[in-house]
Every structure is written in structure tokens, then in C-alpha cells.
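Line by line, the protein sequences are chains P and E. 1 is the number of the first residue of the first sequence in my numbering; add one for each residue after it. 1001 is the number of the first residue of the second sequence in my numbering; add one for each residue after it.
Hints are computed from structural coordinates only; laboratory data are not their basis. From a predicted model like this one, the values you see are computed outputs, not experimental measurements. You may find that some hints are simply not true.
[Said to hold, decoys possible] Cross-link-like lysine to aspartate or glutamate pairs, in silico, EDC-like; alpha carbons within 20 angstroms at most:
#: 1; chain 1: P; residue 1: Lys232; chain 2: P; residue 2: Asp175
#: 2; chain 1: E; residue 1: Lys1383; chain 2: E; residue 2: Glu1403
#: 3; chain 1: E; residue 1: Lys1165; chain 2: E; residue 2: Asp1594
#: 4; chain 1: P; residue 1: Lys239; chain 2: E; residue 2: Asp1068
#: 5; chain 1: P; residue 1: Lys353; chain 2: E; residue 2: Glu1318
#: 6; chain 1: E; residue 1: Lys1277; chain 2: E; residue 2: Asp1246
#: 7; chain 1: E; residue 1: Lys1383; chain 2: E; residue 2: Glu1428
#: 8; chain 1: P; residue 1: Lys242; chain 2: P; residue 2: Glu346
#: 9; chain 1: P; residue 1: Lys237; chain 2: P; residue 2: Glu249
#: 10; chain 1: E; residue 1: Lys1298; chain 2: P; residue 2: Asp275
#: 11; chain 1: E; residue 1: Lys1268; chain 2: E; residue 2: Asp1239
#: 12; chain 1: P; residue 1: Lys232; chain 2: E; residue 2: Asp1068
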Amino acid sequence: MKTQSSMTLTFGADMKTSILLTTLISAVLLFAAPAASRAATGGALSDDDSSRLSTIPHSPEFEEALREAGAHRLAVRHEGWNETLPSWARLKIYELTGRTEIKGQDPIFTVLSIIYEPSRWSRAKFLPIEHPRIAEIMGLEGKWVSPLDIVENPKFMDLQAEYDAAKLDAEEYADLIDLLRAVMQAKKLGVERDGVFESVSTRQGKPALDPSTISRAARYDNDLAGLQAREKLLGAKVKESKPFRKATEMLFHRVGLILDLPEQFTIIPDPGATDGSWIAAPRELGSRFRDQASASPAAATIENVALKSGFAGPTPLELAAADLDEAFALAFLDDDPSGLDNAIDEFLTFAAKSRAYPSDTYRNLLNFYVFSHPYKIAALLYGIAAALFGLFAFFKAAPWRIAGTTVLIVGFLVQTAAMGLRFYLSGHVPVSNMFESITFTAWAALGVGLVIELVKRQGIFGLATACAGMLALIGANMMPLHDTRLHPLRAVLNSIWLNIHVTMMLISYGVFMISAVFAAIYLIKKLAGREALFGGKPLMTLDQTEEFAYRLVQLGWPLLTVGIMLGAVWADTAWGRYWGWDPKETWALITWIVYTIYLHSRMVMGWKGWVSALACLIGFLMVMVTWLGVSYLPWFAGGLHTYASPTV
Amino acid sequence: MGTESNGTAEIDAASDNGAASQPPQSNLDRGMNKIWKAFTSLKMGLFLLSVIAAVCVYGTMHYAASSDWGDNAIPLAKARVFNAWWFFWLLGIFFLQFVISTWPVTKMSARIWWKRDFQRDPRFYRLPRGRASLKVPSGLEHIRAVLRQDFTRTHEDGNAFFAHKGLLQRIGPTVIHTGIVVILIAGLVRIVMERNGLILSEGRFFAQEGQTLSNIYAPRFMDQAVSATNLRELSVPFDIKVLDFDEVLHPNSNQPEYFSTLLQVRDKATGNVRVAKLDMNHSLRIGNLEYHQAGYFKIDDPGFYRVNFDVRDAVTGERIAVTDAGPGTRVQVGDEDLFLEVDGENPGDSWRLYSSATPLQPFAEGRLIATPRDATVTYHVHKFYPDFRVREAATNENDSGLEPFSASNVPKNPAVLISWNADGIPGEAWVFLDKQLAAAMPEHDETIQFVLEDIQIPADADFETLDWNEPGAARFVLSVTNRSTGETIERDILDIEEDGEADYTIVPQTQVDTGDAPYIVAAVERVPLYGTNLSVVREPVVPFYILGVAIIAIGATMTFMTRYRALHGLWEEETRTLHVAYVPRFGKEPDPADFQRLIRKLEDASNPPPETRASSTGDAETESAETERETAGVA
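If we strip away everything but chain P, and leave its shape as in the complex, we get (with noise of 0.2 angstroms):
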């Protein structure tokens, strides 16, 4: 009886630390969440240093004069795609300050303000300082710096040496590894050696190295250790110096952006033009043709002007662009922006006349995507829902359940809301890059634990797959903001291959991350000793949790097995070859195979329990480097998935 009631005691003291914990994670993940992906996508410059932010030109009324006059309308071509002012503008201030906005302004100000009116902000500090080197040189203080601070800085010059000589050294090293791996692969390759590399008798006697290598490592051979040390010591020196060398080339990138902002605000779609691009305002055309339109009273409206103008003359568009140009410089200029409005409207009646102009749809569409961040609120979502659904493991209450079931299936409409916005604004499936594949991976992912849960009924699938999908999703808003744009889609990513393909590996790496999830809490259960990790009786036994595992690894193994082949389809079309042992369709091979063999123990051979659950685990490492690793990981290196440069 006394044991009894210690191991009572034991467990009771468990459930707090149980309670707690789940209340402790829930809390974290609900409030750390967005404040990660805030800090990691920028968030605004923190208001810790007045005196610094005294510096930042601000003016609260003009950014709302600038929001009724409709500047968030205008459309911006960047990088291939049309942004609306706002995202671009958003876009342009995380590249000059690492930040989406400064002093909590609205970044239409911000970059209008830099472009019309560069003057005031060349002594405002909002550029960041990313060494301690670069301020111990240039003799500055604090992290933030402004414009002149760089430019007329008489230790500039120290600078830029500096930063050359790390760069020379970054070069020769670069050199260096170059010919040392000449050397090795000449060594590993064993290319015979008498005394320099010059006979050459491998395999077949054919060479193992074209003759220019052989001959260059030849140079080097007999010297090898004193080219090791050189590689060794400059590798130090090169390793240490990158971080310097990436907060100059930064600095410098971010000081020519200040300057060539004006250039990159191209509002209009070039009359000329006939691959499409788009121009900044021509900015002498209004006055100029003003100055006509005033001696010539009959031809006193824009589109008189443009006519009269023959046939190289510029379009309605572009003098209305001219106008707008004239209409925000003179807003700033004067500190009165109430011009801006009839400007822009005027502008914009005549944008829509052009066909390369995005609908007004679009434009909207894109404002509230960009600035509704669907991602980050599915996230929190799915945080709410794992939560309710850990509540509901405690205390097996089925309102917990329901609770948590309505939230995940709302941040599962969210989620799949977003994807279709972004689906309509790209004009592919979102899978062509890193975020919409982490994101499309959750969201499979999530629809298929959603369907189990909704059936079953049990609780721990509602579980595994929000937090599977908060993870993923934490992931994919932390990435940095240019990674998560909107985008163009890549050349050899222009195929209905894409569609097919990518999704169907995309689906299957979600469902294998679910079998993960319940092959892991497993694992964790065995380990633990209990069949409930929280509460008295389980939500699923152990045996449960592992055929469970097991199902969806068979959903997701014949997924898997038609992606790869359809993905040999498609590398034939692109690439001339079904199969080329390149690295990521190496590793897809890799997981199939471990899968089968996992499939394969378990059905035939009846291997179950914690070898299975483990095998599943294996096989989900596998698909976390195939689908990331090769990418991302150090030892991985080239390959035709990294969609390189498309010149030879």
C-alpha cells in the first residue's frame, strides 16, 4: 500500500512536471514563434538608442498622406517580378538595413524619402555595422552609421585596402585549394610519380586527369607539405577574415543601393522595350514637355503633348510617370505631400491602359499576402492546436480535442488560403524554392494527419501534425526575406514537370515526416517506460503508435517510388539523361531503398518494435538530407539540383 502510494506520489509529481512543461512549451511556442521569425526576417530597428533614431528623418503625417494618396497601389519591377510599392519598398529597406523597417516607419516613406530627398538621410544612422573591424578602421562608434559616415570618412580608403587584401588572400587561397586538390586527385587517382608527375599509367593507361592538371600538380608535387602549410596557414588567416570581407562587401553594396535607388524604382513598363522591362520615371521628360504643353495652350493635356511629340516621343504613361516623378519630389521638396493623390490617380488611370501593368487585383491581392503573413499566423495556429490537443492528453476531455481539431483545421485553411494566393500571384504551384517547398511539404503534411484525425478520432494524429507543421513552418518564416518573395520561376523549373513531380516528393516527405512524429513518440515511450507521456491512460498504445508509423510510411512509399521515377522523366526531357548518379537523385535511391527494406522487414519478415521504429526514424534522416542536406550541408557539394548558372 505505501509503495503504491509513493509510486502514486512519483506519478502525481510527473503530471505537474507534465503540466507544466506543456504549459511552459505551449507558451514558448506561441509567443517565441513569431518573435523568431520577427527577429529572423528583421522586424524594425529597436528604439534603444535615441539619439541615433534623432538622426532618421520622420514624419507620421506625410507617411499618412502617403497612405490616402494611394502610393501602396503603385506597382514596382524587381528582379523580374512586379511588387507593389510597399513589398518593394519592404524588400529594399531589409537590404540596406538587414531590417523590414525603420523606426517602426511605414517603408513607403522610408524609400520614398531616400529617393527624393537623399540629403536628409545622408547623415541619418540606419546602416549597420556587421564588424568590429570595419568601425575600428574607419574609427566609428556604435552600430549604426549613416551615409557620410562611410563616404566622407577620411580612413575610407583604409578600408577598402584592407578589405582588398582579405579579398587577395580569400582569391589566392581559392588558387591554392584549386591546386592542391590537383595534386590529390593526381595522388588518390594514383597517377604514378618519377619524381614529378609526368608518366602517367592508371587503369586501361588511359590518364585519370586531363594533362593540364597532371601538369600543374607536377609544379607542386615535390614541394606538397610546403603547399599544405601555405593552404593551412592562409586557410586560417581567409577563414577568419570572411565575416569581415562579408560586412565590407555589405556595407559597400548597401552604400551603392542608397545611391542607385532612384534607378531601381521602375514604375513603368518601357514603351520601347520589347523584352518587357520596365523604366524608372523619365525624370526631365514632365518639365520639358510642360514647358511645351504651357507655350502651346491647345496642347495643354499630357496626351496632347504625347501625340504632338511624333513618333519617337514619349507615351501618356511616361509623361504621367514624369509627372509623378516631379509630383513626390515636389512633395518632399515642400513637406506637402497634397498633390500626390490626384498624381498617383492620374498615373494609375493611365497605367491601366497598358497591358503589362498588373491588374488592380493583383496589386491588392499582393498587399494583403505580403502583409497578412498567412504563414506566421498558421504557425501560431498550429502552436494553439498542439497545445489544446496536449491539454487533451492530459486530461482526455474531448472538448480539448474538438478545440484543437477546429483550430488546426482553421490554420490548415490559412495555410492552404496562403498557398493558393501565392499559386495565383506566381502562376505555379508553390514548390519552385526552399520556403514554398518547406511549406508545401507542412502543409501535405498537415492535410493528411488532419484526415487521419478527423477519422479516428484520437487525438495523438491532431498532435504529431501540428507540431510537425509549427516546426516546419517556424522553419520557413525564419528564413531570410528575400528567400521567401514571390518569385520568377527559374528556366529549367518552366515545366508542367514541376507540378507533377516535386509535389508528388514533396507530399511523400510530408507523410514520412508524420510516420517520423509517431515513430519517434515510440521510441520516446519506450525509452520512458510509459505507455502515456502525459496523463494515465494513453491516447494510442505503443503498438498502435508503431503500426501507425508503418501505415503512412506505405502511403508514402509508393508516392515516393512514382516521384523518383517521374523526376527520371522529367531529367531526361531537361537534361538528356534519366539517370546521371547526381547527388540528390543518389540520395532520393538512398531513402527509397531504406524504406523498402524498412517495408520489407515489417511485412514479411514481421520485424516490429523499436527495430522498426527506428528503421522508420533512419529513413526519415534520409529524406531530411536528400531534401535538405544536399542542398545545405558542408560536405555536400554542386549537383544539377542546385539549379546553377544554366551557362556552361
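Based on the hints, put chain E in the right spot on chain P.
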């Protein structure tokens, strides 16, 4: 890969108290049997698969994905691992193991049509699941009819019955295995063929626009990347001319949206000519080789260029497309079935339009009209002569035998030598401050003219010591005039060697009578010349891979879309009772609903309705209640 079990095994297991005595085996035989059993087991198959996976990891990590090998990584991985003999033998062993271990299933599948599995042991019909006994007072005729109607194959032997259906499910796994075998054989054959040079997997075709080639390149050494030093030439029986390379960038970016190559292929043997296009996602077959768009290159040399031609409808003036071409090459106009051929780029030069239906006979021709086109000029002051004079050259460096020099350092007759590049064409020009002298000088270019308006020097500059050609010493006020319009297009104040740039529009003075041609064609601008890089392959085993995949797909459909079921029956004449056992494959439980349906059919066939005693899977209560209800209803 499993063994068949239809319930007999359960009886056997129950009744077999000892195996029948067999002749004693020698240790060697026993050992060999053990080895054979181990080799043909599923475990061995999975072990071999694990080894293959491990080899794949090694091949990727050590070669294909390793930065140690640079561009040679994947060729090396193939040469050293994936096309190596030892990998061939590994795959070969797996192939053998696979065939042998799946042989029992294959044999069973092959004999399934003729299978007769009569069960005469009454105990078999007393096992708990899928069993029933029916009273059939009217005899077996109707029962036989039901069986023939409901099952694919029905057999009778004395008082025992055997019927089965869904045979495709039993054959499906063998079909899948056959597909895998075909793929494995194709893989093995491919390794052998590639090692013997019978497969071309890394062929290349490089040519620039307008170039004709009748050869391709292949690597000399398969363990190295294709490079300038690792190529051998192979001739092909075709003359392949690159008519056009088309690169479409996403506007305002350097990222290509689409790229394609238009080829004219002439069969050397027959003389037949065809024009075909391939792009990054669509290949082209020429003879027994497959050409794929692998990449492209831009030729950065102003001396080599193409010209963009604007093709419009003569009646409506509507633009059909702008396409680049060079003299004598035929290019496609947009996506239309129109192919343009031009003789030059100047107004008045001839053009011809063909369609794919009339590749040898133009259906329209005319002359290029003159249209305004955009151009750019870049320039800088190369040298300044404050007091310009000409004298006899000390050396014969130029044809005139004269050389410029400055008689003094005082700007009495200032002149500058300007280096420029107008619309891709480089040149030099002498420009004088003296208006009369300037007017007497030849024109600088057919499109632009430079004017030296002023020279600025520091107020305290001393002419005697001033080095005019030192950066920062003087600034030159230059203007650039568009000769076709007479407008000043740019006014710059430049330091020596400092670059200036001006964009302008050239309005040609020549007018061309377009006649009654249905199209108007005009040269618009010069664009860079491109080269195309095609990969060329010959993969004779690919059809076998496709065949293997197709067979697997068929096998999977057979396995997963059909359901095998067998019915065993035993007739007791004395009691006029038919005992039936309804057994799916692998000793699995029959579907209760399916079993009930069958029993009802058999009951209906027994006229008058017999009393039944049934027991089926799982839900025994429901089942018996249902049978009773059925009987009561009939009564």
C-alpha cells in the same frame, strides 16, 4: 516473396506430430542447404539492398558530392563506383538473389490458372473463420452454376470442390518482380555497354548562331568532366546549322525565363532538310542521337553580333514579333509559323519569309525599311594637344607618314583625341575647339558627332608647368550630337580618360519602298551573338527501363486493384450438406460482407432454401442472426 497459406498449413501443423522420416543428409549437404537457404532468403535480399545503399552513400559522399573533385566529381563517381565492375557484380548478385528468392512466388503465379486445391479433411471446414455448412436438399446442380458464374475457375473432384477468383492479384507480384528484373538487366547491360563505349552519355554540340557543324564532341576520358582538354570529335551524318538561339530573360533581371535553339538539319545521305526547335525542357532526336539544351554562351565581342528585326503586318502595322538574325540564317518569328531570312541589316537589304510547309520557297519577300532605332555611345578623351600640329612621323607607324604633336603647352590650338564606341562599333575622332577647324574635319560616325565646347582648368594653373594629360589637370566640355536628328543628345564635363555615355535614337535617312509585300521588316538594334551548348546522348537501353517501369505499374495495378479469394467445398451425400471454406490469400481473414454475400447466393441456389449453419470472421453474432433472419424470412 511470401509463402502461400490457405488454411491447410494450420491443419498440417495441428496434425503433424512428427515429420516424415527423410534420408539422412551429410554435413556438406546440410551446410550447402543452409547456405542456399540463407542466400535465397528475404534477409539476404534486404542485406544486399543495404549494401547497395551503403555504396550509394560512399559514391556520393566520396565522389559525386565531394568538393575535392571539382568538376570531375560526378564523372569520377560514375567511373569509380557506379559504372565500376565491382558495382556491376554487386548488382549482378542482387539480381540473382532476387530472381532465386522470388522463384517460388513466380512458380506459384505461373501455375495459378491450373491450381486445384481440394480439401477433404472435415477438420479443415471446422476452423473458425470463413466456414459454413449448407443443407442442399435439391442437389448440387445450382450450386455448380453459382460457382461457375461467381468464380474465374471452378474444379470438382469427387465430393470436393475448388473455385477461385481474383487471380490477377496472385500474378501481380510476379509481374512487379518481372519489371524489376527487366530494370536490373537493363542496368547491368548499360554498365557493360558504357564501359565498352557503346553508350554516349556525355556528348556535346557547341556552335554559335549561324554556324554549321557535322560533328559532336565526347569526353576522351569518362572519369573527367567535359573540358577543352578532354574532348574527342565524332562525326554525324547530318549538317546541323544553328539558325537561332533565343534567350528570354525575366524582365528587369538577369534570370532566364526560357531558352531555345532553332536548328536546320540536313541529312547528308538524302539531302532532306528540316527545321526544328529544342528548348530547356524539350529535346530533339536527330538520327540515333538525342539532343538536349544543356546551356548557352554569349560572345562578348562587339565585332560579332546579330541584329533584331521588327516584323509587322503591312496592313495593320501590328507587330508580329521582334527576332534576332544574321545574314543568311533563317530564324523563327516569335511563335508563328514564319521563318525570316535576311541578307543584311541596312535599309533596302532583302528579306524572305518561309513557312514550315515551304522551307525551300519563300512565300513573301521584300526589302528592309528604315526605322528609328536606339543606340548607345560611350566615349572618353584619350589625349589632349594644347597646341595641335602635324609633322612627319619619325617612324612609319601609319599610312600617312604624319604624326600629331603639340607645339607648345599653351592652348593655342586645343585638340582632343576621343575614343568612342557607338552601337558596338569602336572608333577614334579628332575634335578641335576651333570651330572652323572642327567643321573641316571628317564626320566622326554615321550617327553621332562630337563637339569640344570648352576646356576648364584651375584658375591658378601655370601653362608652362601644367601636365594636361594628368588626371584632374583639365576638364573637357564635350557635347554629342545625333547626326540623324541634329539634336544635342549629351553634354558632359569629363576628366581625361573619364567615361561618358549617351543614349540616342538613330533615324535613318534612307526611305525604302515596301511595295506590296504583306509584311514590313525593319532592323531595330544590334544584339550579342549567342552560342548554344547541347548535350548529346545515345541510350539504347532506355526503352527497357521504360518497359520495366510499365510492367511494374501493371503489376502494381493487378496486385492492389484486385482481390484473390478461393472457395473449398466438401459434399456429404448422406446428410446432403455442403461444407464450404472461403479463404483469401496469406491465411488472412475473409471480408465478412463478402462471405455473407456468397453464402446468400449459395443458399438461394439451394431450392428449397436449406437450413444453414455459418460462422465467419469476427462478428459471429451478427452473422448468425442474419442467417436466421434469412431462413425465417424464406419460411
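Cross-check of the supplied hints:
1. Distance restraint check for P:Lys232 and P:Asp175: the Cα-Cα separation of roughly 13 angstroms lies within the 20 angstroms cut-off, and the hinted pair is therefore satisfied.
2. With a C-alpha separation of about 13 angstroms, the suggested pair E:Lys1383 and E:Glu1403 falls inside the 20 angstroms cut-off, and the hint holds.
3. For the hint linking E:Lys1165 to E:Asp1594, the alpha-carbon distance of about 13 angstroms falls within 20 angstroms, and the restraint holds.
4. For the suggested pair P:Lys239 and E:Asp1068, the alpha carbons sit about 18 angstroms apart, so the restraint of at most 20 angstroms is met.
5. Distance restraint check for P:Lys353 and E:Glu1318: the Cα-Cα separation of roughly 18 angstroms lies within the 20 angstroms cut-off, and the hinted pair is therefore satisfied.
6. Straight-line distance between C-alpha atoms of E:Lys1277 and E:Asp1246 comes to about 10 angstroms, which keeps the hinted pair within the 20 angstroms bound.
7. For the hint linking E:Lys1383 to E:Glu1428, the alpha-carbon distance of about 11 angstroms falls within 20 angstroms, and the restraint holds.
8. For the proposed pair P:Lys242 and P:Glu346, the alpha carbon gap of about 50 angstroms is over 20 angstroms, so the pair is violated.
9. For the suggested pair P:Lys237 and P:Glu249, the alpha carbons sit about 18 angstroms apart, so the restraint of at most 20 angstroms is met.
10. Taking the CA atoms of E:Lys1298 and P:Asp275, the gap is about 17 angstroms. The hint holds against a cut of 20 angstroms.
11. Of the supplied pair hints, the one linking E:Lys1268 and E:Asp1239 holds, its CA atoms being roughly 7 angstroms apart against a limit of 20 angstroms.
12. Annotation: proposed proximity of P:Lys232 to E:Asp1068 holds, straight-line Cα distance about 16 angstroms (limit 20 angstroms).
Going down the numbered hints, you'll see the structure goes against just number 8.
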